[in-house]
Amino acid sequence: MTDFFVNLGMSYEWAWFVATVCGILLIALPLMLGVAMIIYADRKIWAAMALRRGPNVVGPFGLLQSFADGLKVFLQETIVPTAANKGLFLIAPIITFTVALMAWAVIPFNSGAILADINIGLLYILAISSLGVYGVVISGWASNSKYPFFSAMRAAAQMISYEVSIGFILVCVILYAGSSNMYQIVEAQRGFGLGIVNGFFFNILLFPIFVMFLISSLAETARAPFDLTEAESELVAGYQTEYSSMSFALFWLGEYANVLLMCTLNAVLFFGGYLPPLDIGFLYVIPGFVWLLLKILFFFFVFSWVKATVPRFRYDQLMRLGWKVFLPLSLLFVVLTSGWLMFTRFAA
Amino acid sequence: MVELSQYLPIFIFMVIALGLSALFVFLPMGVARLTGAHNPDAEKLSEYECGFPAFEDPRSQFDVRFYLVAILFIIFDLEAAFLFPWAVSLDLTGWPGWITMMVFLFELIIGFAYAWKKGALEWE
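As they're listed, the protein sequences go chains A and B.
Start counting the first sequence at 1; every next residue gets the next number (the numbering used here).
Start counting the second sequence at 1; every next residue gets the next number (the numbering used here).
One chain only, chain B, in its complex shape (with noise of 0.2 Å):
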């Protein structure tokens, strides 16, 4: 049985928490400006990398290592997504249900297996 109803509290709650998170963020910004606490200025306002200038841009390089983790990720959250639903419904699906989801499975270890012995994991 499907309660869409229940879904409504949740969206009013979404509404209430991104009201009062932005204004935690834009009431101080005010207050800040009243108070003349806000007094900006081109040092400040540069990034922080420990006292010195910036030595290149941030954004030009990062591990492929990362990439590969989140590859990772997208096979095994979908592997849980597929076990969500057999999980609920073990009773009735009995012994066939079982051994299915155990060949899912398998063949998921096999690739799991194969991404170890290839050295996917590893972070040296």
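Extracted from the complex, chain A is given alone in its bound form (with noise of 0.2 Å):
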């Protein structure tokens, strides 16, 4: 995009700052609509799971709901306790929601469309979700009420148990790339299941990696049969419970944000990300970044099926499936995965 700012006669400088600027917003807007968007899928798939219409009233089909909900959101007072700690109340959300746009700086939505293409984006991607932690935690500390600050206990030790066994898995899969470069990763997967699938998630060593991924992922994301730190019945709305107007609906701007990351994630490290599914010349016709937005809509999909068909964990059962089954079972595929490439790969 450079190039083209350059042709309209700035300096080499200016041009890269410009395209820079344009490509974040490329990347940010359209994120921001396409969480509007899935909320309202969210809320219509959830709805037919349960034989009835979702929003179906504003706008043709409903498609105008969140925008009628953003709207009536942002003209609502924003109530800020007297027992708060005002400052930190209010960076709490700013926190939330800047973490989740950043993460998308490394995903690569085409080859060559890519906002950073640094060398280690899978841990600037571990980094980030991390951060993600400190604005749950900081909102319901600074709540200083008691079903906020349970909620923020309960999401930060439901968030780091499940990372532990995510970076396990990240190295597994960097153990098959060679590389923790986005692209990397994604051109390791061109024609890796019998030199036709593009994708890791064909390997038998890799499915269970995969699988446990996906679990792995609506638990850090707070989702569906893991979403304890929303517990309507136990703690009112959470971390979120003293929040009101536009910074509640930045936590869910942020979750749901979150939750399209780690969609396309699942699309990025096992399902061949930009690739078509088959390493078949016709197929390639398509552009790249229409095959990731299948995936990732395809497990968007997964992640509403999951929320609409599952019971909620205890907290008790969701810890012990984080420490006693996944982290010892990412462990070993660390070992399986390695060992076995050190055979048929590596062998010295």
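Derived by calculation from the structure, the hints in this document are not laboratory data.
Treat the hints loosely; a few may be bogus.
[To be verified] In silico DSS-like links for lysine-lysine, alpha-carbon gap of 27 Å or less:
1. A:K324 to A:K72
2. B:K44 to A:K86
3. A:K324 to A:K307
4. A:K44 to A:K86
5. A:K324 to B:K117
6. B:K118 to A:K324
7. A:K44 to A:K324
8. A:K72 to B:K118
9. A:K86 to A:K72
The structure presented is a predicted model; accordingly, all values stated were derived computationally and were not measured.
Two chains, two frames, a set of hints: combine them into the complex.
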């Protein structure tokens, strides 16, 4: 894109800067629009699984529902409780939303379409998703109220527990790709299965890892069976209890942006990202970002599906699954995949 | 090869994202003052505990198991941090590198088994 602005007669530095800002807006604005639409899609899918119709009044098929909700919260009063620590109380949603947006900087949308092609892309995403915990913890603590505080403690423990196994799962993917650069991870999946299928999921060692990653990503974003941080029956509305207006909505936006990010990571790490599902010539006619979008939507459907069908876990079951099942299993798979690669690929 | 220049877009992204989210938080507060929606009173600003006034200070006590989980997380996240460089260079280090990491993992698994036996992973 820089060349385009250079041709308009700018100096190289300015052209680079303008191109970068345009690239950032090209990621952030469609993402926010996508989050608005995905909230609508979530409600629609959830309703369809319960044999009823979701939002269908505002606009055609209720398509404008999220925008009506957005306008409503925008015009509401922002309540800052007297007991709350005002500064931190207002900073928490800012942190949540900023972090949720920033992780998208290293996602390859197509070959050549990436904002920051850093060589430790996967490590960056791991770091950013760890930062997401801070927004939740700060909001719960700054509310100075009992239920938000408990919810924040739960959320922090839950997120960090599953981050451990996600770390080991990412190590398995890196072992196969030989790099933590996002491009090279996607390119390593080209023709990975029998020379035809694009994607790591095809491998018999990596498929269990993919399933573990899918479930961990549900827990990491506190979705469906693991939504203990906002268990209405015990914690009112969780860490957002004291929030209102747009600062409440920012938690929602951040949460759904994180859900979309986790869907994207599932697609990029195991389903070949922007590559078509099969390594056949004519499938490349459809541009890469369409394939990526289709994969993201598929995983989001799976997330919605799980939300509509599975009852909530108890907190002790959640921690047991994280520490006693996923952690040993993902550690075992690090040993297995690395051992297998030593025998087959790096045999010395 | 380290491409440090690739981190500049991330920094610009952070500035834009911060500005955007700050706008989302503070603009509605201004708009609410203009439209007259901003109308706080003492009852509205009190904390919500299901209709009752708060019984006690919410920051008094919490379960020590959260602390245990946090400590275990630090240990295992460090372990993952050691695994990342090993994973990208396994083709260079060969068998000695693999065996060394397995010894390291074995020692950590002993620690993990100890924590398990002691009941540090239990939530009763």
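TODO: For the pair we were handed, B:K118 and A:K324, check the Cα-Cα distance against 27 Å.
DONE: Given pair B:K118, A:K324 holds - Cα atoms ~13 Å apart, limit 27 Å.
Task: Restraint status (C-alpha distance of A:K324 to A:K72 at most 27 Å) - done: Given that 27 Å is the threshold and the Cα spacing comes to 44 Å, the pair is violated.
- [ ] Sort out whether A:K324 lies within 27 Å of A:K44, counting only the CA atoms.
- [x] Violated: A:K44 and A:K324 sit about 36 Å apart, past 27 Å.
Open item on the list: With the threshold set at 27 Å, check whether the alpha-carbon distance from A:K324 to B:K117 stays at or below it.
Closed with: holds (12 Å)
Task: A:K44 paired with A:K86 [C-alpha distance capped at 27 Å] - done: At roughly 37 Å apart (the allowed maximum being 27 Å), A:K86 and A:K44 break the hint.
Open item on the list: Check the hint pairing B:K44 with A:K86 against an upper bound of 27 Å on the C-alpha distance.
Closed with: holds (16 Å)
Open item on the list: Tell me if the straight-line CA distance from A:K324 to A:K307 falls inside 27 Å.
Closed with: This hinted pair holds, its Cα atoms lying about 24 Å apart.
Task: Pair hint outcome, A:K72 versus B:K118 [Cα-Cα no greater than 27 Å] - done: violated (52 Å)
- [ ] For the pair we were handed, A:K86 and A:K72, check the Cα-Cα distance against 27 Å.
- [x] holds (23 Å)
Of the numbered hints listed earlier, those contradicted by the structure are 1, 4, 7 and 8.
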